[in-house]
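Just so you know, the sequences run in chain order A and B.
If you count the first sequence from 1, position 6 lands on 6 in our numbering, and the numbers rise without skipping.
If you count the second sequence from 1, position 178 lands on 1178 in our numbering, and the numbers rise without skipping.
These aren't lab readings, by the way, just hints derived from the structure by calculation.
Do not rely on the hints blindly, as some may be mistaken.
Unchecked claim - Some chain A residues well away from chain B (every beta-carbon gap over 10 Å; in silico): (1) Ser27; (2) Lys31; (3) Pro61; (4) Glu99; (5) Leu117; (6) Ala155; (7) His158; (8) Val188; (9) Leu194; (10) Leu218; (11) Asn225; (12) Ala232.
To be verified - Rough simulated footprint, nothing fancy, chain B against chain A, three-plus residues with beta-carbon under 8 Å: (13) 65-75; (14) 79-90; (15) 101-112; (16) 119-127.
Claimed, not checked - Partner residues are not named here, just some residues of chain B that face chain A (Cβ under 7 Å, in silico): (17) Arg1075; (18) Ala1081; (19) His1171.
Here the structure is a predicted model, which means the values were calculated and not measured.
Note that beta-carbon positions come from the ideal geometry of N, C-alpha and C, so glycine has one too.
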Amino acid sequence: MSMARKALEMTQAAAEAIVQRAEARFSANRKESLASTDRMFAGLMLAQWAFAIFIALVFSPYGWQGKTKAVHMHVWVALLLGAVISSLPVALAWLRPGETLTRHTIAVGQMLWSALLIHLSGGRIETHFHVFGSLAFLSFYRDWPVLITATVVVATDHLLRGILWPESVYGITNPEWWRFLEHAFWVVFCISVLIPSCMRGVKDMRVMAERGAELEALSENQWRNQSVLERAANDDHSDR
Amino acid sequence: MERAPAPDGSILASRLAWVAAAAWLVAVSAGFALLWQYKTAPGQRIGAAPTRWPAGTAMARSSERATLLLFAHPRCACTRASLAELARIMARFHDRLEARVVFWLPRGAPEGWDSGDLWTSAARIPGVLVVRDVEGREASRFAAGTSGEAILYDREGRLLFAGGITPARAHEGNSFGQERIAALLTTGAADRADAPVFGCALDEGTPVRVSRTVDTTTQGETR
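Okay, chain A solo, but in the shape it has when bound (with noise of 0.2 Å):
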């Protein structure tokens, strides 16, 4: 074998083996970084539960039928549904971060949390900003499909509130049946931009792994090369 052709094999084994510690940089990095959003939103979860809870002891305490009064249908629905809600999303954030499927039922559940503070808030438009700020909050996850699970709930939502109860979504008793549309037009507009982001932020992490690996390899060839000639410098001096 010459030695160009032995040069040449051990750049290629090299090369390969940076490619090999990139990639376990990017995917240890990939699943820290979703476990830890994970956490973030378990922590989330929890906080949303509180407050429902808090806006439904403070705004509607008490159903009342003439001077009798009950626990409100509001405090149970924040109590018992919330609790529901949170749970799964909590247990898997806990029992199995960093999985696809923590991460989509997160996306479900802080969609289905937007819709019980919509009912909680008594169905003030202010609340609905929830929805759009969750939506980017999943976006930390730098995991596209995770956007896209997060709207097939809100279009599940609208398409059967639209054909049950058309004036609780669209604000309207009798919408046009392109209305769906517009509203839909708003969270296309706002993933349209954030799974992108959501792609390029990925690409950035695998430029940082390669980077990484490669700043690792010359670190590596370095102090090897530094061993050997300290190893030289060492024989050397014990045969003098």
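Since chain A is already given, all that's left is putting chain B on it; use the hints.
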């Protein structure tokens, strides 16, 4: 490259997670269905509102504009949405409409039982007069059994509309009631003269209709 087979425990845990996710979806769907059922269940009607402004009422009717009465339970959280919608109606039709928010006060209620944020919110709406309906006499006279019931009379005292002005219980937003009131005030006609009312019951039992000759002790308070 072949993947190493996953350990049995891992497969089982993964399957369990999927089963939990499916059960979770069913549970949240059932929860929202219950909430939906609650919010869209209208209050009970106790009769038809008088077709002419009742002679025995202590409340004043405008002879220049239409008069809208909104019957309200002073502690019903759901009525906050009705007041928000009334404010929107008044902002739009302040030149054609006068409104009274009639707060129900039960027999034997302690002092200040009816004062609270709802009273304050109603009093803040421009063009609205807030009145106290002692023992629900006016509510009985106008056959209003549910908090949030709006009854509209024209300036000649003819009944135009009786019903709710929210799309659901404790839920703001446009509604059939609002659309009909708007149509009646702008064109003089609407597809229907009623709409479901969403809110707390004004009385525990079956209300007793009060004779039109009985005087009420309604106290008016200007905003």
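Consistency of the hints with the structure:
The claim that Ser27 of chain A lies off the interface holds: its Cβ sits roughly 14 Å from the closest Cβ of chain B, which is beyond the 10 Å cut-off. For Lys31 of chain A, the requirement that its beta carbon stay farther than 10 Å from each beta carbon of chain B is met, with the minimum near 15 Å. Distance check on Pro61 of chain A: its Cβ comes as close as 7 Å (rounded) to a Cβ of chain B, failing to clear the 10 Å threshold; non-interface status is violated. The claim that Glu99 of chain A lies off the interface is violated: its Cβ sits roughly 8 Å from the closest Cβ of chain B, which falls inside the 10 Å cut-off.
Non-interface status of Leu117 of chain A relative to chain B is upheld: no Cβ of that chain comes within 10 Å, the nearest being about 12 Å off. With a least beta-carbon separation of about 16 Å from chain B, Ala155 of chain A lies farther than 10 Å from that chain, consistent with its non-interface assignment. Every C-beta of chain B lies more than 10 Å from that of His158 of chain A, the closest at about 14 Å, which supports listing it as non-interface. For Val188 of chain A, the shortest C-beta to C-beta distance to chain B comes to about 23 Å, beyond the 10 Å cut-off, and the non-interface label holds.
Residue placement check: Leu194 of chain A keeps its beta carbon more than 10 Å from all beta carbons of chain B (closest about 24 Å). For Leu218 of chain A, the non-interface assignment is confirmed: its Cβ lies about 27 Å from the closest Cβ of chain B, beyond the 10 Å cut-off. Non-interface call for Asn225 of chain A relative to chain B: holds, since the shortest CB-CB distance, roughly 32 Å, exceeds 10 Å. Even its closest Cβ contact with chain B, about 39 Å, leaves Ala232 of chain A beyond 10 Å, as expected for a residue assigned away from the interface.
Only residues whose beta carbon comes within less than 8 Å of a beta carbon in chain B count, and the region 65-75 of chain A has 8; three or more means the coverage holds. As drawn, the region 79-90 of chain A meets chain B at 6 residues by the rule of a beta-carbon pair under 8 Å; at three or more, the given contact holds. Coverage of the region 101-112 of chain A by chain B holds [criterion: at least 3 residues with CB-CB distance below 8 Å; count 4]. Proximity of the region 119-127 of chain A to chain B, defined as three or more residues with a beta carbon under 8 Å from a beta carbon of that chain, is established by the 5 residues found.
The beta carbon of Arg1075 of chain B is positioned within 7 Å of a beta carbon in chain A (closest approach about 5 Å), and the interface hint is therefore held. Because the beta carbon of Ala1081 of chain B sits about 5 Å from the nearest beta carbon in chain A, less than 7 Å, this interface hint is met. At about 4 Å, the closest approach between the beta carbon of His1171 of chain B and any beta carbon in chain A falls short of 7 Å, and the interface hint on this residue holds.
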